[in-house]
Amino acid sequence: MTDLEDLYREIILDHYRSPRNRGELESPPAHRVEGFNPLCGDEVVVTMLVEDGRVADIKFAGSGCSISQSSASLMSSAVKGKPLDEVRELIFTFKSMMSIHQASLGSNSTDGEDADDSYNGNGDGNGLADVRKLGELAALQGVVKFPVRIKCATLGWNALAQGLDELDAGR
Amino acid sequence: MAPVTTSGSLDVEAVRKDFPMLARTVHGKPLVYLDTASSSLQPRQVLTAMEQYYETCHANVHRGVYTTAEEATARYEGARVAVGRFVGSRDPEREIVFVKNATEALNLVANSWGAANLRPGDAVLLTEMEHHANLVPWLMLAERAGVELRYLAVDGDGRLDLSDLGRKLDGVKIVAVSAMSNVLGTIPPLHDIAEAAHAAGALVVADGAQAVPHFPVDVHALGVDFLAFSAHKMLGPTGIGALWSRAELLDSMPPFLGGGGMILDVRLDRFVPADPPHRFEAGTPPIAEAVGFAAAVAYVETLGMARVRAHEERLTEYAIDALAERLGEDCTVFGPPAGHDRGGVLSIAFRDIHPHDLAQVLDQYGVCVRPGHHCAKPLMRVLGVSATARASIGPYNDEQDIDRLIEGLTEAGRLFS
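If you read the protein sequences in the order shown, they are chains A and B. Residue numbers 1 to 171, in our numbering, belong to the letters of the first sequence in order. Residue numbers 1 to 417, in our numbering, belong to the letters of the second sequence in order.
It should be emphasised that the hints constitute simulated quantities derived from the structure, not laboratory data. Even glycine gets a Cβ: it sits at the ideal position worked out from N, Cα and C. One or more of the hints may lead you astray.
So these bits of chain B aren't anywhere near chain A, every CB distance computed over 10 Å [stated by the list, open to error]: (1) 2; (2) 27; (3) 55; (4) 238; (5) 355; (6) 372; (7) 387; (8) 415.
Quick partial rundown of chain A residues pointing at chain B, CB under 10 Å, derived from the structure [said to hold, decoys possible]: (9) 7; (10) 16; (11) 19; (12) 38; (13) 39; (14) 42; (15) 43; (16) 63; (17) 65; (18) 69; (19) 92; (20) 96; (21) 149; (22) 152; (23) 164.
Cross-link-like lysine-lysine pairs, in silico, DSSO-like; alpha carbons within 30 Å at most [said to hold, decoys possible]: (24) A:151 with B:29; (25) A:95 with A:133; (26) A:133 with A:80; (27) A:133 with A:82; (28) A:151 with A:80; (29) B:100 with B:29; (30) A:95 with A:145; (31) B:100 with A:145; (32) A:145 with B:377; (33) B:17 with B:168; (34) B:377 with A:151; (35) B:377 with B:17.
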């Protein structure tokens with residue numbers, strides 16, 4: 001697989017062409033967060049409805065490159081309906097995958113145990129950056145080879161994390 | 001010997017041999033450099049001059065009495081004269097201020113001239129197509145000094161709308177305008193604007209960052225009062241640029257940055273500034289970069305600026321025609337049609353593919369273009385886009401580079417279809 005095919009995997013292109021959960025939930029009651037990438041002008045608006053400790057509904061809007069928009073689409077599918085602790089873990093795992101350190105370990109390395117060990121420490125024990133747990137999201141792994149695009153991939157995730165923090169703080 | 005063909009035009013093949021970077025490959029493909037509007041490549045002559053300076057006579061300038069310090073000072077001051085003459089200065093020893101880049105030159109004007117001459121209620125006339133470098137310093141001044149900012153609009157062809165220039169000049173003290181747009185390639189009629197501005201009692205500062213590297217610029221022919229430009233966009237090194245202004249105008253201006261080298265005398269309660277240009281050159285200047293700047297000027301003078309312009313005008317027309325022919329309505333190039341009032345900056349929209357994705361695919365084919373807002377966010381809003389993919393040309397580009405660009409765009413189209 002060339003680097004380019006690795007970056008633009010079919011599932012990414014699919015979410016780019018046919019984004020899931022696109023739009024905005026009415027706010028309030030939904031919580032609304034905007035994320036900007038001043039470098040390229042990409043923007044994403046995440047609206048989330050948190051009920052009974054779950055992300056009951058989530059939508060994203062905005063404009064940007066295939067990576068920022070498909071990542072937000074994949075994110076919305078992955079967290080919709082999930083309990084908050086699972087969502088937070090997913091955010092952490094995804095952002096770990098997007099770190100340069102993880103990239104240097106090699107995505108298909110056979111010494112995955114070592115990779116897992118280096119990310120142990122939040123009590124999960126299964127390895128925080130275990131991309132197998134990410135399902136479809138693992139398709140975004142190729143982004144780490146293109147450091148300037150990491151900000152595109154994390155744009156929606158940072159907005160989601162900020163939203164959850166704000167809800168936690170009672171805003 | 002000048003790289004000129006028998007017909008008298010630029011011998012691009014010979015020029016290309018002077019640029020070491022063009023010998024490298026990216027992803028196994030020869031490098032196609034189409035980002036000169038961001039920063040140009042450097043010919044070997046510039047690199048050699050800087051290396052030779054460091055190897056033989058580096059010392060701080062204007063300080064030592066020893067031989068190499070004298071030599072370094074002579075090189076630095078010699079660069080000032082070369083750079084000044086290149087833009088038509090008649091008194092370069094007093095009219096050229098070395099700065100970090102065009103951005104610093106424009107900040108110098110806004111802060112020094114602006115702060116000394118603008119009062120609340122005074123107006124500054126800008127345009128919608130300014131680079132942030134010729135916009136943010138004025139916005140900062142407006143906030144601080146209560147100055148009103150006005151803007152000349154950009155019309156549907158990407159040209160400045162000058163129909164209401166007279167009305168907009170009323171009460172204006174200075175006009176700050178780009179001599180060539182870094183997004184649209186538009187070359188506005190600066191001479192006409194300067195004439196109207198002067199008739200209305202306003203000065204003109206031209207952002208020459210894109211103009212000076214690509215066509216003959218003479219400050220007296222343009223009739224401007226300030227001209228800002230950078231070395232690294234005209235085949236020179238990063239870290240140095242120049243501000244040209246008339247000696248008596250610079251003489252009337254207070255210092256911008258304080259420090260060593262810009263004073264006549266310092267006491268504990270006051271200081272006396274030096275005369276221009278040293279008044280505006282606080283601290284150890286970029287000496288090797290000045291040597292490189294002079295070498296870049298010497299190099300482009302060998303090419304001949306008229307020949308450079310003729311080559312780039314022809315290549316711009318080739319590119320605009322080829323993009324239209326081969327990509328059809330899928331491709332939009334913003335800015336005026338090819339012609340005398342347009343430079344080699346091609347801001348491209350291709351289908352609905354995001355510029356970042358276009359640039360990413362192009363990189364795989366060795367083609368360097370810049371995606372983004374090009375530090376001109378207000379202009380992006382006028383164009384109704386958040387970003388463009390910008391291909392910009394220099395004297396070392398040829399038709400093959402444009403063909404490779406179009407091949408890369410076609411591949412991107414296939415990938416995102």
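| request: Against the structure, test the hints numbered earlier, and report the numbers of the ones violated in rising order. | output: 2, 5, 6, 7, 8, 11, 19, 20, 23, 29, 31, 33, 35
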